[in-house]
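Student: Following the hints, complete the assembly by docking chain B onto the known chain A.
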Amino acid sequence: MYATNYKKASSVADAAKAIAGADEGKLLAGGMTLLPTLKQRLASSDCLVDLADCGINGISDEGSALRIGAMTRHVEVETSDLVAKAIPALAQLAGGIGDRQVRNRGTIGGSVANNDPAACYPSAVLALGGTVHTSKRDVAAEDFFVDMFETALDDDEIIEAVSLPKPEAAAYVKFPNPASRYAMVGVFVARFADGVRVAVTGAGQNGVFRHKGLEDALSSNFSPDAVDGVSISGDELMTDIHASADYRAHLIAEMTRRAVSAC
Amino acid sequence: MEMNESHDLPVPIDDVWAALNDVDVLKNAIPGCQELTQESETELAAVVKLKIGPVSATFKGNVELSEMNPPHSYVISGSGNGGVAGGATGSASVQLMSIDDGNGTRLSYEVSASVNGKIAQLGSRLIDSTAKKLATKFFDNFIAELTPES
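Protein sequence lines, in the order shown, are assigned to chains A and B. The first sequence stops at residue 736 when you use the working numbering, and every number in between is there. The second sequence stops at residue 179 when you use the working numbering, and every number in between is there.
One chain only, chain A, in its complex shape (with noise of 0.2 Å):
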């Protein structure tokens, strides 16, 4: 790692203020994609600036939706009781990112505003419909997950919490890299009164998306036959050395089916 600075911020707006004076700062969440990164010599900052104690962690109940601060580590939506009763698919996808080093510190707020193509959480977030609430505004998950590694926020834009609105129901199921347990393929199904949305991450080119087939044809029958159906196209999917687009195709089929049982 080449030498840095480091900072720990005692409030977001603190932090903005060390990023914007820095050449090359980086914000550090739960670094656990950042520092391998930096250890490995594949970026350099000249200060990072932590937001562990900006006050931006924690989990809570506005109703219709649960609220969870930026810093909460996945070890924490994995065991909350709050996450447990209003969406437990959540608290399951919390318990099956990285392993357990990795949950002890990893954060939604950074995995969400990394984007790595093969997170967990952007399926999450797209399925449910959640809101992202940065230091500057708030944003749909819609028009948050541009491509892969890109997401709408601006440079100096800090997340401070995402919100989820509860949904009927709810399953998360993906097809893991046996040695990173990053998703080959992961499906998140969620039912609303007013349909059902379905979020596919690991495989598409440009990130996470939501796939219109699927969604159509479990919004009129809502189990694991309806998917048989769906056409489900290898074209902007992504190939690699694990696995192809065609099987990721396929892939993406038998997890929504199992996510559909799963609910």
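It is worth saying that the hints were derived from the structure and are not from the lab. Computed from a prediction, not measured in an experiment: that's the story for all the values here. Nothing false has been slipped in among the hints.
In silico lysine to aspartate or glutamate, EDC-like type, Cα no more than 20 Å apart, as pairs:
| hint | chain 1 | residue 1 | chain 2 | residue 2 |
| --- | --- | --- | --- | --- |
| 1 | B | Lys80 | A | Asp620 |
| 2 | B | Lys161 | A | Asp713 |
| 3 | A | Lys481 | A | Asp629 |
Tutor: Just chain B now, kept in the frame of chain A:
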């Protein structure tokens, strides 16, 4: 990584050919290109800064134009060294065909690229999609340079 695409442009073939050989156009087209200097008629030196997610690296490299068959085709190839991060090599075989009675051009390209070193090792799951995005961005930028009104 291999890919091929084709675009129809409302620009005559000679203008497209000229742009493909123009240092300023190429500099604006190459994603993250900070410097592009002409060393000879067919050789250029480049400094490209790329940021993909958490990874950012500066690549120093060479771009070479070869197999020149004006105004129909050439091969543009390059290789870059990103220091400890690793490096990349790639080439695109570009074909131009006059269409629309000479008012337009069909631009087709076949790209092949490979990445080596640490970025390839640690980022293998994302190499193909990232390389494709960058190649697509290059040609999208190039086309935008040529057709500013559209």
